[in-house]
Amino acid sequence: MMRVLSLPCREHAVLFSRQIDAPLSGGESFGLRVHVLYCGGCRRFRDHLLHLQLLGRTLAKDVQHEPGLPAEVRERLNARVAQASKKN
Amino acid sequence: MMIDADAPSRSGRDAAAAPVPLRTTDSNEAAARRWVAEHGDILWKFALARTRSKEAAEEIVQETVLAAMQGYGTFAGGSSERTWLLGIAAHKIADHFRRVRRAKSPKTLAISPDATCVCAACRGMFTAKGMWACVASRWPGMNLSETEKAEQTEALRACIDALPPGQSEAVWLRDILGIPASEVCKAMGLTDTNLWSRMHRARVALRSCLETRFGLRKEKVE
Numbered sequence: 004m005m006r007v008l009s010l011p012c013r014e015h016a017v018l019f020s021r022q023i024d025a026p027l028s029g030g031e032s033f034g035l036r037v038h039v040l041y042c043g044g045c046r047r048f049r050d051h052l053l054h055l056q057l058l059g060r061t062l063a064k065d066v067q068h069e070p071g072l073p074a075e076v077r078e079r080l081n082a083r084v085a086q087a088s089k090k091n
Numbered sequence: 047m048m049i050d051a052d053a054p055s056r057s058g059r060d061a062a063a064a065p066v067p068l069r070t071t072d073s074n075e076a077a078a079r080r081w082v083a084e085h086g087d088i089l090w091k092f093a094l095a096r097t098r099s100k101e102a103a104e105e106i107v108q109e110t111v112l113a114a115m116q117g118y119g120t121f122a123g124g125s126s127e128r129t130w131l132l133g134i135a136a137h138k139i140a141d142h143f144r145r146v147r148r149a150k151s152p153k154t155l156a157i158s159p160d161a162t163c164v165c166a167a168c169r170g171m172f173t174a175k176g177m178w179a180c181v182a183s184r185w186p187g188m189n190l191s192e193t194e195k196a197e198q199t200e201a202l203r204a205c206i207d208a209l210p211p212g213q214s215e216a217v218w219l220r221d222i223l224g225i226p227a228s229e230v231c232k233a234m235g236l237t238d239t240n241l242w243s244r245m246h247r248a249r250v251a252l253r254s255c256l257e258t259r260f261g262l263r264k265e266k267v268e
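Going line by line, the protein sequences match chains A and B. So the first sequence is numbered by the numbering used here: it starts at 4 and just counts up by one. So the second sequence is numbered by the numbering used here: it starts at 47 and just counts up by one.
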């Protein structure tokens with residue numbers, strides 16, 4: 004536990020990013036919560052990651068509303084699939 | 047983190063996460079036709095978002111489907127078919143950009159993680175003791191007008207484009223299309239640790255790139 008509390012900011016930054024992808028251990032999670040109480044740089048980094056996530060969600064919504072596979076491309080793809088299938 | 051772009055009958059990340067049982071009765075051709083019908087839209091959107099060229103996107107989707115036909119027998123079913131196909135597309139897209147960048151060499155679009163750091167003694171973001179060398183400015187809040195939000199989103203797209211091949215695709219799969227980390231690992235052939243490290247480097251670079259685009263500068267820690 005003491006090791007987690009004494010980690011430098013570099014390691015905390017890695018943990019902030021990792022917790023987006025995987026759950027942290029109880030000790031790591033506790034260490035992060037304590038660290039941001041007194042570290043402005045890490046609080047700022049955490050806020051920026053949150054901002055990035057929000058922007059990513061907005062971008063995801065934009066992509067969702069973009070048109071899908073055009074009909075003519077779909078036709079060409081299916082034709083190419085049939086051609087490849089005959090070869091094999 | 048984000049959402050699945052066009053699951054036909056399922057919603058959100060579950061669509062990407064739910065393993066689809068192997069349909070072993072499908073011939074390769076029938077399977078490929080089904081992929082085009084069920085996953086063609088997401089493959090197209092992914093390829094078009096990355097390349098911003100309809101010709102290149104079509105080529106990538108085609109290469110993806112043909113490669114998937116060849117590898118169908120070896121698809122283990124550990125991830126959903128959609129994620130498997132997106133993983134193949136990610137490799138094709140990364141190859142596309144490697145070719146494009148080689149052709150344009152030596153000009154590269156690399157982002158420096160400390161691009162906006164104005165501290166002369168800083169090497170990267172941290173001091174030798176691992177403390178922040180520079181503290182980034184506060185970013186504009188997310189209570190933005192639609193125009194501002196569109197500008198920031200476009201800036202994010204441009205910054206993702208500027209990441210090295212392999213990192214951009216991981217960010218699209220993980221942070222934009224919202225595919226679970228474990229599935230991205232399978233699709234891209236990465237270990238958990240590889241993915242975490244790749245995502246961390248990418249997010250740090252994106253943060254720096256956006257700061258530059260927002261016109262913000264870091265300040266030296268006194």
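One or more of the hints may lead you astray.
Using 20 Å as the maximum straight-line C-alpha spacing, the simulated EDC-like pairs for lysine to aspartate or glutamate come out as follows [said to hold, decoys possible]:
1) B:195 to B:207
2) B:232 to A:24
3) A:64 to B:197
4) B:100 to A:24
5) A:89 to B:109
6) B:175 to B:192
7) B:232 to B:141
8) B:100 to A:31
The hints are simulated quantities; they were obtained by calculation from the structure and are not laboratory data. Computed from a predicted model, the values in this text were never measured in an experiment.
Now the hints, each set against the structure:
1. In summary, the hint linking residue 195 (chain B) to residue 207 (chain B) is supported, as the alpha carbons are separated by about 18 Å, within the 20 Å threshold.
2. For the suggested pair residue 232 (chain B) and residue 24 (chain A), the alpha carbons sit about 14 Å apart, so the restraint of at most 20 Å is met.
3. Restraint check: the Cα-Cα separation between residue 64 (chain A) and residue 197 (chain B) comes to about 15 Å, which is no more than 20 Å; the hinted pair holds.
4. Pair hint residue 100 (chain B) plus residue 24 (chain A) does not hold up; C-alpha atoms about 32 Å apart against a cutoff of 20 Å.
5. Proposed proximity of residue 89 (chain A) and residue 109 (chain B) is supported: the alpha carbons are some 17 Å apart, at most 20 Å.
6. In summary, the hint linking residue 175 (chain B) to residue 192 (chain B) is not supported, as the alpha carbons are separated by about 42 Å, beyond the 20 Å threshold.
7. Using a Cα cut-off of 20 Å, the hinted pair residue 232 (chain B) and residue 141 (chain B) holds, with the two alpha carbons roughly 18 Å apart.
8. For the hint linking residue 100 (chain B) to residue 31 (chain A), the alpha-carbon distance of about 45 Å lies beyond 20 Å, and the restraint is violated.
Consistency with the previously given hints fails for numbers 4, 6 and 8, ordered from lowest to highest.
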